[in-house]
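Chemist: Next come the chains, spelled out residue by residue.
There are 2 protein chains.
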Amino acid sequence: MESVYNRIRDQRLLDRIVSAEEAASWIHDGMTLGLSGFTRAGDVKAVPFALAKRAEHEPLKVNVYTGASLGSDVDKLFAEKNMLNKRLPFQADATMRKGINAGDFHFVDQHLSHTSEWIRSNVLKPIDYAILEAVAITEDGMIIPTTSIGNSMVFSQHAKNIIVEINTAQTELLEGIHDLYEPEKQGERSPIPLTKPDDRIGVPGMKVDVDKIKGIVFTNQLDSPSTIVEPDDETVIMAQHLISFLREEIKAGRLTDKLAPLQSGIGSVANAVFHGLLDSEFTDLEVYSEVLQDAVFDLLDADKVRFASCCSITLSSDKMDKVFSNFEKYRDRLMLRPQEISNHPELIRRMGLISINTALELDIYGNVNSTHVMGTKMMNGIGGSGDFARNARLGIFVTKSIAKNGNISSIVPFVSHVDHNEHDVDVIVTEQGYADLRGLAPRERVEKIIQNCVHPMYREQLSAYYEEAKKRGGQTPHILEKALSWHINFEKNGTMLQRVEQPV
Amino acid sequence: MESVYNRIRDQRLLDRIVSAEEAASWIHDGMTLGLSGFTRAGDVKAVPFALAKRAEHEPLKVNVYTGASLGSDVDKLFAEKNMLNKRLPFQADATMRKGINAGDFHFVDQHLSHTSEWIRSNVLKPIDYAILEAVAITEDGMIIPTTSIGNSMVFSQHAKNIIVEINTAQTELLEGIHDLYEPEKQGERSPIPLTKPDDRIGVPGMKVDVDKIKGIVFTNQLDSPSTIVEPDDETVIMAQHLISFLREEIKAGRLTDKLAPLQSGIGSVANAVFHGLLDSEFTDLEVYSEVLQDAVFDLLDADKVRFASCCSITLSSDKMDKVFSNFEKYRDRLMLRPQEISNHPELIRRMGLISINTALELDIYGNVNSTHVMGTKMMNGIGGSGDFARNARLGIFVTKSIAKNGNISSIVPFVSHVDHNEHDVDVIVTEQGYADLRGLAPRERVEKIIQNCVHPMYREQLSAYYEEAKKRGGQTPHILEKALSWHINFEKNGTMLQRVEQPV
Numbered sequence: 001m002e003s004v005y006n007r008i009r010d011q012r013l014l015d016r017i018v019s020a021e022e023a024a025s026w027i028h029d030g031m032t033l034g035l036s037g038f039t040r041a042g043d044v045k046a047v048p049f050a051l052a053k054r055a056e057h058e059p060l061k062v063n064v065y066t067g068a069s070l071g072s073d074v075d076k077l078f079a080e081k082n083m084l085n086k087r088l089p090f091q092a093d094a095t096m097r098k099g100i101n102a103g104d105f106h107f108v109d110q111h112l113s114h115t116s117e118w119i120r121s122n123v124l125k126p127i128d129y130a131i132l133e134a135v136a137i138t139e140d141g142m143i144i145p146t147t148s149i150g151n152s153m154v155f156s157q158h159a160k161n162i163i164v165e166i167n168t169a170q171t172e173l174l175e176g177i178h179d180l181y182e183p184e185k186q187g188e189r190s191p192i193p194l195t196k197p198d199d200r201i202g203v204p205g206m207k208v209d210v211d212k213i214k215g216i217v218f219t220n221q222l223d224s225p226s227t228i229v230e231p232d233d234e235t236v237i238m239a240q241h242l243i244s245f246l247r248e249e250i251k252a253g254r255l256t257d258k259l260a261p262l263q264s265g266i267g268s269v270a271n272a273v274f275h276g277l278l279d280s281e282f283t284d285l286e287v288y289s290e291v292l293q294d295a296v297f298d299l300l301d302a303d304k305v306r307f308a309s310c311c312s313i314t315l316s317s318d319k320m321d322k323v324f325s326n327f328e329k330y331r332d333r334l335m336l337r338p339q340e341i342s343n344h345p346e347l348i349r350r351m352g353l354i355s356i357n358t359a360l361e362l363d364i365y366g367n368v369n370s371t372h373v374m375g376t377k378m379m380n381g382i383g384g385s386g387d388f389a390r391n392a393r394l395g396i397f398v399t400k401s402i403a404k405n406g407n408i409s410s411i412v413p414f415v416s417h418v419d420h421n422e423h424d425v426d427v428i429v430t431e432q433g434y435a436d437l438r439g440l441a442p443r444e445r446v447e448k449i450i451q452n453c454v455h456p457m458y459r460e461q462l463s464a465y466y467e468e469a470k471k472r473g474g475q476t477p478h479i480l481e482k483a484l485s486w487h488i489n490f491e492k493n494g495t496m497l498q499r500v501e502q503p504v
Numbered sequence: 001m002e003s004v005y006n007r008i009r010d011q012r013l014l015d016r017i018v019s020a021e022e023a024a025s026w027i028h029d030g031m032t033l034g035l036s037g038f039t040r041a042g043d044v045k046a047v048p049f050a051l052a053k054r055a056e057h058e059p060l061k062v063n064v065y066t067g068a069s070l071g072s073d074v075d076k077l078f079a080e081k082n083m084l085n086k087r088l089p090f091q092a093d094a095t096m097r098k099g100i101n102a103g104d105f106h107f108v109d110q111h112l113s114h115t116s117e118w119i120r121s122n123v124l125k126p127i128d129y130a131i132l133e134a135v136a137i138t139e140d141g142m143i144i145p146t147t148s149i150g151n152s153m154v155f156s157q158h159a160k161n162i163i164v165e166i167n168t169a170q171t172e173l174l175e176g177i178h179d180l181y182e183p184e185k186q187g188e189r190s191p192i193p194l195t196k197p198d199d200r201i202g203v204p205g206m207k208v209d210v211d212k213i214k215g216i217v218f219t220n221q222l223d224s225p226s227t228i229v230e231p232d233d234e235t236v237i238m239a240q241h242l243i244s245f246l247r248e249e250i251k252a253g254r255l256t257d258k259l260a261p262l263q264s265g266i267g268s269v270a271n272a273v274f275h276g277l278l279d280s281e282f283t284d285l286e287v288y289s290e291v292l293q294d295a296v297f298d299l300l301d302a303d304k305v306r307f308a309s310c311c312s313i314t315l316s317s318d319k320m321d322k323v324f325s326n327f328e329k330y331r332d333r334l335m336l337r338p339q340e341i342s343n344h345p346e347l348i349r350r351m352g353l354i355s356i357n358t359a360l361e362l363d364i365y366g367n368v369n370s371t372h373v374m375g376t377k378m379m380n381g382i383g384g385s386g387d388f389a390r391n392a393r394l395g396i397f398v399t400k401s402i403a404k405n406g407n408i409s410s411i412v413p414f415v416s417h418v419d420h421n422e423h424d425v426d427v428i429v430t431e432q433g434y435a436d437l438r439g440l441a442p443r444e445r446v447e448k449i450i451q452n453c454v455h456p457m458y459r460e461q462l463s464a465y466y467e468e469a470k471k472r473g474g475q476t477p478h479i480l481e482k483a484l485s486w487h488i489n490f491e492k493n494g495t496m497l498q499r500v501e502q503p504v
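One line per chain: the protein sequences are F and L, in this order.
Note that UniProt numbering numbers the first sequence so that position 113 is 113, with each residue one more than the last.
Note that UniProt numbering numbers the second sequence so that position 60 is 60, with each residue one more than the last.
Treat the hints as calculated values from the structure; they're not laboratory data.
Treat the numbers as computed from the prediction; the structure is a model and nothing was measured.
Quick reminder that beta carbons are idealized off the backbone N, C-alpha and C, glycines included.
Misleading hints may appear alongside valid ones.
Said to hold, decoys possible - Which residues of chain F face chain L? A partial, calculated answer using Cβ under 8 Å:
#1 Lys86
#2 Ile100
#3 Ser121
#4 Pro126
#5 Pro191
#6 Ile192
#7 Glu248
#8 Ile250
#9 Lys251
#10 Arg254
#11 Glu346
#12 Lys377
#13 His478
#14 His487
#15 Asn489
As the list claims (entries may be wrong) - Label-pair ranges, simulated between beta-carbon atoms:
#16 Glu281/L - Ala252/F: 41 to 47 Å
#17 Pro204/F - Gly473/L: 57 to 63 Å
#18 Arg333/F - Ala102/L: 42 to 48 Å
#19 Gly253/F - Pro193/L: 25 to 31 Å
#20 Gly406/F - Glu56/L: 52 to 58 Å
#21 Arg472/L - Tyr5/F: 42 to 48 Å
#22 Pro193/L - Lys212/F: 34 to 40 Å
#23 Gly473/L - Asn220/F: 38 to 44 Å
#24 Asp284/F - Ser19/L: 51 to 57 Å
#25 Gly253/L - Asn220/F: 38 to 44 Å
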């Protein structure tokens, strides 16, 4: 019981401890839930499972709002049991993806900084239950989140009821690293008083009306570890290209060797880039990002990174052990914020971030598709990439130039879906090189992209398309009959290479 | 001379008055110019013409940066004389458009709030001469703009040299209505301290190093009047639909009858909407927009609008007479700001604007094309629509459901160019009705759009496409072979209607 008193320090709440099953029994068919969790970190791990059990023998469909993707296979489970009406704003689970693309339920893919505005202004269905993971509840009923904040702040303030999952597997040392801030309603809002990544602007937990806390469930289970892919030859080369570009920016006097606050999307390329910084001359770096992955902790260990702000910490299994058993070492150099603040246009533009995100495909004019395979099938969602790329000092997109053993060129005549248009894409990096598109008109961009970024096996084919298109004129010349022909070729023949069929 | 002393109150500058020809003689082939001017207002009217004269008998090509489109046929002239290397960030002239689409020079189409960041951080070529229209220069060398600010503030601070055109046809009463504010460099920047449309945060003119002022030219010529198209039956109906939507928002408790600060793009639909507000119950309105057109002054006259902030005043000939001969009446209820401030994401999101812009075409999932006809030919440019739609409380897009006597459907299976993707488009309005897309997954949006917004002559054809696409699955089902077939049909047969050819 010692631990219970440490974890629930508000006397009024001690009698609200319940089992996951009891808490789940309060949730009815048709309700809307707001779950903590962002990229497998800080998600609730008991009540969703108890709920899924109920769904096995009664009709039970809910709307699920989260920060981003959930760990612990919750998204998988909810999709398998067909328990969803609507899911937003992001996911990254293979089973859920299948359900989305089959049209089994509605998935609203949203800029991650936007969901909170819709909740605050009642555009979305109100949340019946917020279910939030916590390390503790303080003397005055303040809920302290764990390894992510995501949308938990706005859920806690606007949900009708709250269920807290206190996870004793999460170190109590997490208390104190959160900075909870909720902007006022639009129209009554003050400037967000943050000008540097390490500014503290809020409070260490979520102050809520304690009457809304209907139950507290204890759990003891670590976050799902991330499945980081180690840097390979190509991602290492991409990191080098990106670092070369940053060096040129320093030479041109546009950056110093402290660079600017760094944001990086999740994934192996991003991780490789950050690994690359380890051996670079850059120093005193700051990170202002959504997710901290393994490499940021290596950079903290090497004193390359001075401070890192995020809304979630997502680590591999090994790294999780190391970081959380030595957490004292990192506490003063880390801060967790709501995703609305980590991704806020106001702050990204003000600080002038360097933003690095992954493209699924891009076209000759610099439009980027981050989400829809062959224009139709959802991968994960746009996530924060739009929040960052649009407002950053540098919107950088990285991708390998080919996929599927060369049967797909990541650079196509015409993207099959647009998440980031030419106005928001500053620099493209592939293993072939980088293209700095800033200040260039579309026709200037084509040449740079083909020369610097396209894989040699597709270079001629892409040039041929462009040369033919140019005869038709326009700001962005295209041959509409052939614009999507590479995708169509892939769907029919399993390759975008024209030699297999389709002489142009 | 009385008027000269009124207009140039800084003694040090009295000997810098020169002819337009002399000022133009300082400009060399290959230079970069920053011209004042935004949507035909406050553009310089003498030096560009003198420069164009020179171009008749010597090789002379320049880069031209502006606020937005120029009046006085300057864009036309520069295109005709083939005087351009690069033009940014916006234009709206038929001759220039032709030159752009022929590839005669490079046009960089940019979010209007972004150009200043590129100038400030030396991403763009440095400006050799800023040529700025003014009503006066104050005792301490502060340049007072005229009917627009556009990018003049950033030009004045970062150009190597400045030429001022003092336009005595512009009323001296303009002095005092400008609020000049330049954000610090990114990374050293404070919050922009504006929370309401009428907040004054800067100074009434542009403080510059007077040594940079190389010459002052006097002119006496009004701005080109706007060619406003009067509301027609359809735009009146569209305005009514939009007002119905706003009423529903009030009913739902998401707005009050003061609404929220209004932004509206330029053009006849926007003007009609604002006319519609004249007869509505809404009151005490605020405008926070780029351009003020005629209708806003009618709303000011009727005391419907309390305050209007903008970066440019663009009026028809009649209205110009009326407004500027009674300017005392409006001075306290107007403010002009740099386009970086009128269009700043930080401020648009903070105040929660209602943003109304025109779509060229849109697709069944809510992606909007504002710029490229048939995916290739530039109309004008994205302008501020992206700054606003992405960050506003409500991103509303308006368009008539058909064009070219019904041979074009403005709503197509797949847009041929994306300026605003599904994440940034909240509400669509045509003369058929409105579709509120907020919180809807793509498959839910299709039904609303087809039912509420598509013209009856295309409804069946669009449903047929979607029904066939659905069989292939996906988050946004498409048939890639047919996605652009409507455009291709139009190019071949002059119509998007399938009965002419192409049985599906």
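Chemist: Now, for every hint given, state plainly whether the structure supports it.
Modeler: To see whether the hints hold, each was checked on the structure:
For Lys86/F, the interface hint holds, the least distance from its beta-carbon to any beta-carbon of chain L being 7 Å, beneath 8 Å. Because the closest C-beta pair between Ile100/F and chain L is about 6 Å apart, less than 8 Å, the hint holds. Annotation: Ser121/F was flagged as interfacial toward chain L, and the flag holds, the nearest CB pair being 6 Å apart, inside 8 Å. Contact between Pro126/F and chain L, as hinted, is not supported at the beta carbon level, the nearest pair being about 12 Å apart and thus beyond 8 Å.
Proximity of Pro191/F to chain L holds as hinted, the smallest CB-CB distance being about 3 Å (cut-off 8 Å). Here the hint on Ile192/F is kept, as its CB sits about 7 Å from the closest CB of chain L, short of 8 Å. With a least beta-carbon distance of about 12 Å to chain L, the hint placing Glu248/F at the interface is violated under the 8 Å criterion. Below 8 Å, beta-carbon pairs count as interface contacts, and Ile250/F has none with chain L, the closest being about 13 Å; its hint is therefore violated.
A cut of 8 Å between beta carbons decides the hint on Lys251/F: the least distance to chain L is about 12 Å, and the hint is violated. At its closest, the beta carbon of Arg254/F sits 6 Å from a beta carbon of chain L; the interface hint therefore holds under the 8 Å criterion. Because the smallest distance between the Cβ of Glu346/F and any Cβ of chain L comes to about 4 Å, under 8 Å, the interface hint for this residue holds. Among the interface hints, the one on Lys377/F holds; its C-beta lies about 5 Å from the nearest C-beta in chain L, closer than the 8 Å criterion.
Among the interface hints, the one on His478/F holds; its C-beta lies about 5 Å from the nearest C-beta in chain L, closer than the 8 Å criterion. Below 8 Å, beta-carbon pairs count as interface contacts, and His487/F has one with chain L at about 5 Å; its hint therefore holds. Restraint check, Asn489/F versus chain L: the minimum CB separation of about 10 Å is more than 8 Å; hint violated. Checked against the hint of 41 to 47 Å, the C-beta distance between Glu281/L and Ala252/F comes to roughly 56 Å, which is inconsistent with it.
One distance hint, 57 to 63 Å for the beta-carbon pair Pro204/F and Gly473/L, is violated here, with the actual separation near 46 Å. Between Arg333/F and Ala102/L the Cβ separation comes to about 56 Å, which falls outside the hinted range of 42 to 48 Å. Between Gly253/F and Pro193/L the C-beta distance comes to about 29 Å, which sits within the given range of 25 to 31 Å. Taking 52 to 58 Å as the suggested C-beta distance range, the pair Gly406/F and Glu56/L conforms, at roughly 54 Å.
About 58 Å separates the C-beta atoms of Arg472/L and Tyr5/F, a value inconsistent with the hinted range of 42 to 48 Å. Judged by the Cβ atoms, the range 34 to 40 Å given for Pro193/L and Lys212/F holds: they are separated by roughly 35 Å. Roughly 40 Å separates the CB atoms of Gly473/L and Asn220/F, a value that falls within the hinted 38 to 44 Å. In this structure the supplied range 51 to 57 Å holds for Asp284/F paired with Ser19/L, their Cβ-Cβ distance being about 54 Å.
Gly253/L and Asn220/F have their C-beta atoms about 42 Å apart, which keeps the hinted 38 to 44 Å range intact.
In the structure shown, a violation is registered for the earlier hints numbered 4, 7, 8, 9, 15, 16, 17, 18 and 21, in ascending order.
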